[in-house]
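Participant: Residues per chain, in single letters:
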Amino acid sequence: GAGVSQSPSNKVTEKGKDVELRCDPISGHTALYWYRQSLGQGLEFLIYFQGNSAPDKSGLPSDRFSAERTGGSVSTLTIQRTQQEDSAVYLCASSFQGEDNEQFFGPGTRLTVL
Amino acid sequence: DQQVKQNSPSLSVQEGRISILNCDYTNSMFDYFLWYKKYPAEGPTFLISISSIKDKNEDGRFTVFLNKSAKHLSLHIVPSQPGDSAVYFCAARGSGNTGKLIFGQGTTLQVKP
Chain A
1 GAGVSQSPSN KVTEKGKDVE LRCDPISGHT ALYWYRQSLG QGLEFLIYFQ GNSAPDKSGL
61 PSDRFSAERT GGSVSTLTIQ RTQQEDSAVY LCASSFQGED NEQFFGPGTR LTVL
Chain B
115 DQQVKQNSPS LSVQEGRISI LNCDYTNSMF DYFLWYKKYP AEGPTFLISI SSIKDKNEDG
175 RFTVFLNKSA KHLSLHIVPS QPGDSAVYFC AARGSGNTGK LIFGQGTTLQ VKP
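Protein chains in written order, with the numbering used here: chain A, 1 to 114; chain B, 115 to 227.
These aren't lab readings, by the way, just hints derived from the structure by calculation. A virtual CB, placed ideally from N, CA and C, is assigned to each residue, including glycine. Please note that the accuracy of each hint is not assured.
Each pair of labels, with its calculated beta carbon distance range [stated by the list, open to error]: (1) B:Ile167 / A:Glu14: 47 to 55 Å; (2) A:Thr13 / B:Lys170: 42 to 50 Å; (3) B:Pro227 / A:Gly16: 46 to 54 Å; (4) B:Gln116 / A:Ser66: 44 to 52 Å; (5) B:Met143 / A:Phe96: 21 to 29 Å; (6) B:Glu172 / A:Phe96: 39 to 47 Å; (7) A:Lys57 / B:Met143: 17 to 25 Å; (8) B:Thr140 / A:Phe96: 25 to 33 Å.
If the Cβ cut is set under 7 Å, some of the chain B residues that face chain A in the computed set are [what the hints assert, rightly or not]: (9) Pro154; (10) Glu156; (11) Pro158; (12) Phe160; (13) Gly213; (14) Lys214; (15) Phe217; (16) Gly218; (17) Gln219; (18) Gly220.
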């Protein structure tokens, strides 16, 4: 399939550890988004990459969170010194350039911080 | 501050009847609204959208209505089918050159055969 893929599908970690979550967008999509869904909540915007422009980081909840996108394709979301409140499903989406284009979501990574 | 709200966490409807899912928003700068559908263990999939310059958009069994004065939109599904059972998220996009979406909390729809 040529959809958005994310890895790992599940991640269990101990409080204080660092984690990396990976997103492979649909080939040709220049825009990439990270969202997270905490239990019982809607999707919360984290960060948005569009081509070579500076990313919109306005949704990152703290400086423990960072993301990068290498070569305009694969993206990695890193959470340092994880806390229990970081437990959530982290979803990646991609789209063609332009704000009107549909965002296609990956299946998400379920992160559990013990 | 929740800018997009779905006040009904769940809805149960009989097959063949109409399902109405509601969504309220607070930011008058939102210019585009979307509905996404999500099955367990899958990412959300786009269902239907509406621009703020319209008050209705229809696609098959799905119709979205927008009432800008009330800052309210709704999704109508008719006739409802058991395969429609899923979590439905309302989302809004701000004006300007940004693709980021603001989502509601979701409504779980159950369509009973």
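Participant: Cβ-Cβ distance between Met143 of chain B and Phe96 of chain A: within 21 to 29 Å?
Facilitator: Since Met143 of chain B and Phe96 of chain A have Cβ atoms about 24 Å apart, the given range 21 to 29 Å holds.
Participant: Restraint: Gln219 of chain B near chain A, CB-CB cut 7 Å. Satisfied or not?
Facilitator: Gln219 of chain B check passes; min Cβ-Cβ to chain A is 4 Å, inside 7 Å.
Participant: 39 to 47 Å was suggested as the range; check whether the CB atoms of Glu172 of chain B and Phe96 of chain A agree with it.
Facilitator: 25 Å, violated
Participant: 47 to 55 Å was suggested as the range; check whether the CB atoms of Ile167 of chain B and Glu14 of chain A agree with it.
Facilitator: Holds, since Ile167 of chain B and Glu14 of chain A (Cβ atoms, about 51 Å apart) stay within the stated range.
Participant: Have a go at the Lys214 of chain B hint: is there a Cβ in chain A nearer than 7 Å to its own Cβ?
Facilitator: 5 Å, holds
Participant: Regarding Gln116 of chain B and Ser66 of chain A, is the given constraint of 44 to 52 Å on their beta-carbon distance met?
Facilitator: 26 Å, violated
Participant: Would you check whether Phe160 of chain B satisfies its interface hint, that is, whether its CB is within less than 7 Å of any CB in chain A?
Facilitator: 5 Å, holds
Participant: Would you check whether Gly220 of chain B satisfies its interface hint, that is, whether its CB is within less than 7 Å of any CB in chain A?
Facilitator: This interface hint holds because 6 Å falls under the 7 Å limit.
Participant: Honestly, do Pro227 of chain B and Gly16 of chain A meet the 46 to 54 Å range at C-beta?
Facilitator: Holds: the Cβ-Cβ distance is about 48 Å, inside 46 to 54 Å.
Participant: Holds or violated: is the Cβ of Gly218 of chain B closer than 7 Å to a Cβ in chain A?
Facilitator: 5 Å, holds
Participant: Does the interface hint hold: is Pro158 of chain B within less than 7 Å of chain A, judged Cβ to Cβ?
Facilitator: 5 Å, holds
Participant: Tell me if the interface restraint on Gly213 of chain B is satisfied: Cβ within less than 7 Å of some Cβ in chain A.
Facilitator: 5 Å, holds
In summary, the structure is inconsistent with hints 4, 6, 9 from the numbered list given earlier, while agreeing with the others.
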